[in-house]
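Those sequence lines, one after another, are chains A and B.
Take 1 as the starting number for the first sequence in the numbering used here and just add one per residue.
Take 1 as the starting number for the second sequence in the numbering used here and just add one per residue.
A hint or two may mislead.
[Stated by the list, open to error] Straight-line alpha carbon distances no greater than 25 angstroms define the calculated DSS-like cross-link-like pairs of lysine-lysine that follow:
(1) Lys77/A <-> Lys48/A
(2) Lys487/A <-> Lys574/B
(3) Lys574/B <-> Lys574/A
(4) Lys574/A <-> Lys541/B
(5) Lys23/A <-> Lys499/A
(6) Lys487/B <-> Lys461/B
(7) Lys461/A <-> Lys499/A
(8) Lys319/B <-> Lys331/B
(9) Lys574/A <-> Lys499/A
(10) Lys487/B <-> Lys256/A
(11) Lys383/A <-> Lys461/A
(12) Lys77/A <-> Lys256/B
(13) Lys225/A <-> Lys331/B
(14) Lys77/A <-> Lys256/A
(15) Lys180/A <-> Lys225/A
(16) Lys331/A <-> Lys319/A
(17) Lys5/A <-> Lys48/A
(18) Lys256/A <-> Lys256/B
(19) Lys331/A <-> Lys225/B
These aren't lab readings, by the way, just hints derived from the structure by calculation.
Number of protein chains: 2
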Amino acid sequence: MPAYKAPLRDISFVMNELLESEKLYQTLPGYEEATADLMNAIVEEGAKFAENVLSPLNQSGDEEGCHWSEEGVTTPKGFAEAYRQYVDNGWPALSASVEDGGQGMPNLMGIVINEMAGTANWSWLMYPGLSHGAVKTIEEHGDAEQKKKYLTKLVQGEWTGTMCLTEAHCGSDLGLLRTKAEPQADGSYAITGTKIFISAGDHDMAENIVHIVLARLPDAPAGTKGISLFIVPKFNVNADGSLGERNAVTCASIEKKMGIKASATCVMNFDGATGYLIGPPNRGLNCMFTFMNTARIGTAIQGLAHGQLAFTGALSYAKERLAMRSLTGPKNPDGPADPIIVHPNVRRMLLTQKAFVEGSRAFLYFLAQLGDIVDAGNEEQAKAADDLMALLTPIGKAFVTETGYEAANIGVQVYGGHGFIREWGMEQIVRDARISMLYEGTTGIQALDLLGRKVIGSGGKLLLGFTSLIDEFCAANEGAEFVDVLKAYKDEWLGLSMKIGEAAMQNPDEAGSAAVDYLMYSGYVTLAYFWARMAVLAKRKIAEGAGDTSFYEAKLMTARFYFERLLPRTVSLKQTMLSGADNLMQMPEALFEF
Amino acid sequence: MPAYKAPLRDISFVMNELLESEKLYQTLPGYEEATADLMNAIVEEGAKFAENVLSPLNQSGDEEGCHWSEEGVTTPKGFAEAYRQYVDNGWPALSASVEDGGQGMPNLMGIVINEMAGTANWSWLMYPGLSHGAVKTIEEHGDAEQKKKYLTKLVQGEWTGTMCLTEAHCGSDLGLLRTKAEPQADGSYAITGTKIFISAGDHDMAENIVHIVLARLPDAPAGTKGISLFIVPKFNVNADGSLGERNAVTCASIEKKMGIKASATCVMNFDGATGYLIGPPNRGLNCMFTFMNTARIGTAIQGLAHGQLAFTGALSYAKERLAMRSLTGPKNPDGPADPIIVHPNVRRMLLTQKAFVEGSRAFLYFLAQLGDIVDAGNEEQAKAADDLMALLTPIGKAFVTETGYEAANIGVQVYGGHGFIREWGMEQIVRDARISMLYEGTTGIQALDLLGRKVIGSGGKLLLGFTSLIDEFCAANEGAEFVDVLKAYKDEWLGLSMKIGEAAMQNPDEAGSAAVDYLMYSGYVTLAYFWARMAVLAKRKIAEGAGDTSFYEAKLMTARFYFERLLPRTVSLKQTMLSGADNLMQMPEALFEF
Chain A
1 MPAYKAPLRD ISFVMNELLE SEKLYQTLPG YEEATADLMN AIVEEGAKFA
51 ENVLSPLNQS GDEEGCHWSE EGVTTPKGFA EAYRQYVDNG WPALSASVED
101 GGQGMPNLMG IVINEMAGTA NWSWLMYPGL SHGAVKTIEE HGDAEQKKKY
151 LTKLVQGEWT GTMCLTEAHC GSDLGLLRTK AEPQADGSYA ITGTKIFISA
201 GDHDMAENIV HIVLARLPDA PAGTKGISLF IVPKFNVNAD GSLGERNAVT
251 CASIEKKMGI KASATCVMNF DGATGYLIGP PNRGLNCMFT FMNTARIGTA
301 IQGLAHGQLA FTGALSYAKE RLAMRSLTGP KNPDGPADPI IVHPNVRRML
351 LTQKAFVEGS RAFLYFLAQL GDIVDAGNEE QAKAADDLMA LLTPIGKAFV
401 TETGYEAANI GVQVYGGHGF IREWGMEQIV RDARISMLYE GTTGIQALDL
451 LGRKVIGSGG KLLLGFTSLI DEFCAANEGA EFVDVLKAYK DEWLGLSMKI
501 GEAAMQNPDE AGSAAVDYLM YSGYVTLAYF WARMAVLAKR KIAEGAGDTS
551 FYEAKLMTAR FYFERLLPRT VSLKQTMLSG ADNLMQMPEA LFEF
Chain B
1 MPAYKAPLRD ISFVMNELLE SEKLYQTLPG YEEATADLMN AIVEEGAKFA
51 ENVLSPLNQS GDEEGCHWSE EGVTTPKGFA EAYRQYVDNG WPALSASVED
101 GGQGMPNLMG IVINEMAGTA NWSWLMYPGL SHGAVKTIEE HGDAEQKKKY
151 LTKLVQGEWT GTMCLTEAHC GSDLGLLRTK AEPQADGSYA ITGTKIFISA
201 GDHDMAENIV HIVLARLPDA PAGTKGISLF IVPKFNVNAD GSLGERNAVT
251 CASIEKKMGI KASATCVMNF DGATGYLIGP PNRGLNCMFT FMNTARIGTA
301 IQGLAHGQLA FTGALSYAKE RLAMRSLTGP KNPDGPADPI IVHPNVRRML
351 LTQKAFVEGS RAFLYFLAQL GDIVDAGNEE QAKAADDLMA LLTPIGKAFV
401 TETGYEAANI GVQVYGGHGF IREWGMEQIV RDARISMLYE GTTGIQALDL
451 LGRKVIGSGG KLLLGFTSLI DEFCAANEGA EFVDVLKAYK DEWLGLSMKI
501 GEAAMQNPDE AGSAAVDYLM YSGYVTLAYF WARMAVLAKR KIAEGAGDTS
551 FYEAKLMTAR FYFERLLPRT VSLKQTMLSG ADNLMQMPEA LFEF
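Build out the structure end to end from the sequences listed, making use of the hints.
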């Protein structure tokens with residue numbers, strides 16, 4: 001397993017130079033303290049924690065996995081200690097609001113820290129990471145007593161949280177869920193049912209776990225409009241905040257999985273467990289929509305993280321491993337062969353990883369900043385940022401995890417046969433990365449959300465919100481490298497959206513048939529926007545003699561690679577997304593068999 | 001893990017209808033017995049063995065893995081018994097020549113049986129599968145005594161064989177290998193060195209293992225021209241054929257791998273082991289070239305196999321799993337939701353698997369038939385078939401395994417979160433399939449072989465050999481569906497080859513930079529040829545009223561899907577392969593770092 005080394009120069013480039021974070025946060029009430037100095041200092045501390053504490057536990061955690069017994073789940077050696085350090089250093093509270101006991105740093109800081117922690121050890125990050133949904137739910141929908149009881153402990157990481165949604169027969173289609181909530185005389189509810197795929201559903205890292213459970217009230221309408229949210233703590237909490245009795249919620253088993261084996265994926269039994277209604281009855285799904293975007297961006301980070309780790313490993317191997325001579329003559333004449341980084345195809349693989357990773361970092365940090373504007377900007381700013389997030393989040397979640405998985409697989413490929421051997425750690429990255437295209441909404445679900453709800457659903461308005469940013473950038477940088485290409489893509493994207501929208505009005509299956517290709521196309525164009533911005537900036541920095549020239553030159557070369565070798569994938573996607581629904585829908589179910 | 005059900009109808013379609021095997025074999029001396037009746041009977045028996053004996057051991061073999069001790073390797077429960085049955089039923093000898101104790105069936109039969117056995121349990125197939133190289137080496141290069149001593153036992157499966165090539169510091173670049181062979185007074189050699197990645201290097205299935213070892217004689221020139229082949233048996237063989245002393249070759253350890261865990265991947269120590277030179281000294285690599293093509297086709301089968309298994313699992317899940325309603329209104333109104341096969345994107349995924357699998361089956365069976373023509377055709381036929389194989393084998397190996405891996409990943413995706421859980425078996429298919437793009441020459445190595453050695457190296461002659469087949473087909477079927485498109489692709493393929501060939505004359509890195517995209521492009525066009533052939537045939541069968549209409553209709557619809565949704569990937573590949581070497585080569589090694 002490659003040791004994690006945080007890409008601090010690139011993080012700083014995106015955070016400070018490309019997105020000019022200090023400048024932004026000086027204008028956002030409550031974030032004035034987020035100066036570049038402070039943010040850089042936080043990132044450097046986070047890098048040390050990720051490199052020194054989390055990274056060494058990544059491979060051992062995979063080997064050991066989690067242990068289940070009737071008493072509960074035990075995490076791999078070192079995980080609980082690392083979590084204790086994480087809490088002691090105040091990391092969980094970093095970007096939570098001050099009134100809830102947080103440190104009030106921007107959401108962007110949380111994303112950067114999660115990128116580093118997650119690259120070092122994604123399985124470990126799942127434990128604190130899953131608290132996010134519980135915190136957000138209570139923050140936005142809890143009453144004063146609920147906040148007092150649960151929020152500070154969650155924010156500070158003394159307790160962790162979960163989101164209990166999925167049941168065995170329903171994942172994407174939550175309308176089918178069956179868990180029941182029966183009102184009790186004391187105003188609480190008795191929750192009964194079985195939830196599956198509950199990440200961090202049980203563990204030995206914190207003294208209490210606060211489950212947010214989706215369940216149905218006795219009189220609830222069928223489908224998605226009859227779902228309510230309940231707080232179900234592992235240990236009941238007394239009025240004075242101390243822990244009371246064990247609640248009737250238990251971990252029945254943990255799943256054996258392809259990857260993220262050190263993350264406990266639990267089957268949770270609620271056996272008349274005491275729960276407390278949070279938010280209005282039957283409106284649970286609506287309540288959850290309020291933080292769906294940030295949760296999905298949190299998952300998108302996994303694509304960036306695994307791409308980064310695979311790139312780190314592949315690059316160091318490509319420099320060391322000797323095989324064959326360069327096609328243009330020996331580059332290492334004193335050695336028995338050349339390092340494989342001389343070979344064009346190895347460079348193609350490395351640059352593919354690099355272009356996806358660095359492009360995705362710019363994209364996702366931008367999304368995180370939007371979240372901060374939604375939280376702290378004025379009404380107009382917040383509305384615009386929220387609209388952009390609505391459009392870009394499904395693209396970020398699906399495109400970054402799909403390309404991150406490609407990058408992870410390239411990591412194995414660069415190692416040749418050694419990539420398949422566990423000892424080197426490259427295959428673990430593939431196994432860990434595979435889940436990212438499945439949970440928090442599969443790629444197919446994200447694609448329907450993007451094309452159906454966001455693009456067609458808004459009559460194109462949300463898309464125009466983003467393409468007007470592209471227009472602005474192009475207008476301001478006319479004649480610059482990549483700008484004309486980007487502009488043409490922007491026009492094509494709008495045209496394709498219109499065309500598919502029209503076809504979908506005649507036949508809704510046309511949208512479903514185009515959706516995934518449309519999403520991937522949108523992802524390539526979105527990344528082209530960020531690569532063009534980075535290239536323009538890099539060129540300016542070189543012209544200004546800002547120093548660090550080779551860093552900026554590398555950015556320019558990677559941008560060229562992106563535009564010439566990755567962006568052209570859109571040409572095929574365009575053709576297939578327009579090929580119509582017939583080639584998918586005409587085959588009768590029975591004929592698939594043969 | 002989906003239970004294996006052999007796709008007998010499709011196997012028969014390709015073998016009997018598309019490739020008209022009986023007709024071919026009636027013209028090939030020695031294969032006259034291979035009537036359709038006999039071949040179908042063999043396939044049906046093979047299907048039973050794969051379904052009933054091998055398939056039930058697939059998931060348990062993965063769970064248990066192999067066990068190493070100083071005494072040797074123990075395979076998972078049931079593996080040795082299955083192998084005993086396999087030998088007792090005469091399967092190993094099926095397509096070996098009669099004079100060596102084989103049954104003299106065509107190579108095609110061996111490929112069909114291997115497809116079925118390998119789909120049911122790829123790890124298990126690795127044990128008998130690896131004997132192929134040893135058999136071929138001894139068959140073609142062994143002297144009479146060596147043949148007598150080793151060949152019959154290997155052919156009948158009483159013993160198994162290995163190929164000991166790779167060392168820790170060299171995989172693709174065998175010129176770097178260091179294992180030594182020192183001549184002994186009795187004419188034998190003392191072999192000393194360590195080989196890695198030796199599949200079936202040790203096991204408990206057969207009483208002896210015959211290793212073919214690549215090593216250097218004391219006076220050997222450096223590089224690939226100083227490699228010789230040696231027979232090194234695990235147990236020395238006495239003059240009467242009985243087993244003698246244990247030789248000084250031991251399995252030092254077995255690798256922990258991502259997948260194919262039930263296949264023992266051994267580190268083999270040769271500690272002055274007794275070996276026997278086979279073939280001329282220093283010409284070992286040349287000797288191995290004689291069966292490189294068939295070995296690579298054997299690996300290509302893995303892509304077909306894992307694609308087939310993933311499709312089987314995904315299809316049955318897509319029919320059963322209920323989620324959401326069809327975009328065009330409920331299709332299962334009495335149920336709580338529709339089966340997910342109603343959703344366009346799920347169909348897109350299933351059809352992608354189906355089109356790759358069925359197209360690859362036609363492609364690989366065709367390649368296997370070419371092998372039979374090489375073996376038994378007259379000189380002119382054999383030469384033409386050999387040329388076609390030289391061109392098509394790297395395409396088959398790389399394209400079928402790459403698309404097979406895509407199909408395996410789709411299998412996981414169709415299952416959603418359940419795909420990541422081991423119990424369902426879908427993730428095992430991905431883990432098992434991942435090696436296929438690495439061993440027996442990575443995709444990058446195949447691409448250089450195709451573009452550099454085969455296409456450019458023959459001055460385009462080998463490519464013209466295949467495109468003339470496409471021409472013939474197009475001429476004979478003018479106006480038929482897909483024929484014009486295919487013809488245009490054929491022209492474009494020739495044009496691209498010319499263009500890249502010319503660029504490579506100026507700068508060899510241009511070939512290296514285009515190679516993988518060129519190979520994938522070639523794969524899509526090759527599969528288009530087979531899909532067009534299958535479509536024309538299916539249409540004729542429907543017109544003739546041959547019965548089984550829905551089978552032929554499904555073929556036609558799948559062909560349309562292939563042409564409209566998969567073949568357009570070439571449009572991007574064309575653009576990227578022509579983007580030049582600069583975007584790969586200009587970045588100095590040090591600048592990758594950032």
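Quick rundown of the hints versus the structure:
no.	hint	result
1	Lys77/A <-> Lys48/A	holds, 20 angstroms
2	Lys487/A <-> Lys574/B	holds, 23 angstroms
3	Lys574/B <-> Lys574/A	holds, 15 angstroms
4	Lys574/A <-> Lys541/B	violated, 34 angstroms
5	Lys23/A <-> Lys499/A	violated, 40 angstroms
6	Lys487/B <-> Lys461/B	holds, 18 angstroms
7	Lys461/A <-> Lys499/A	holds, 15 angstroms
8	Lys319/B <-> Lys331/B	holds, 12 angstroms
9	Lys574/A <-> Lys499/A	holds, 11 angstroms
10	Lys487/B <-> Lys256/A	violated, 50 angstroms
11	Lys383/A <-> Lys461/A	holds, 13 angstroms
12	Lys77/A <-> Lys256/B	holds, 21 angstroms
13	Lys225/A <-> Lys331/B	holds, 22 angstroms
14	Lys77/A <-> Lys256/A	holds, 18 angstroms
15	Lys180/A <-> Lys225/A	holds, 14 angstroms
16	Lys331/A <-> Lys319/A	holds, 12 angstroms
17	Lys5/A <-> Lys48/A	holds, 9 angstroms
18	Lys256/A <-> Lys256/B	holds, 18 angstroms
19	Lys331/A <-> Lys225/B	holds, 22 angstroms
The structure fails hints 4, 5 and 10 (numbered hints given earlier, in ascending order).
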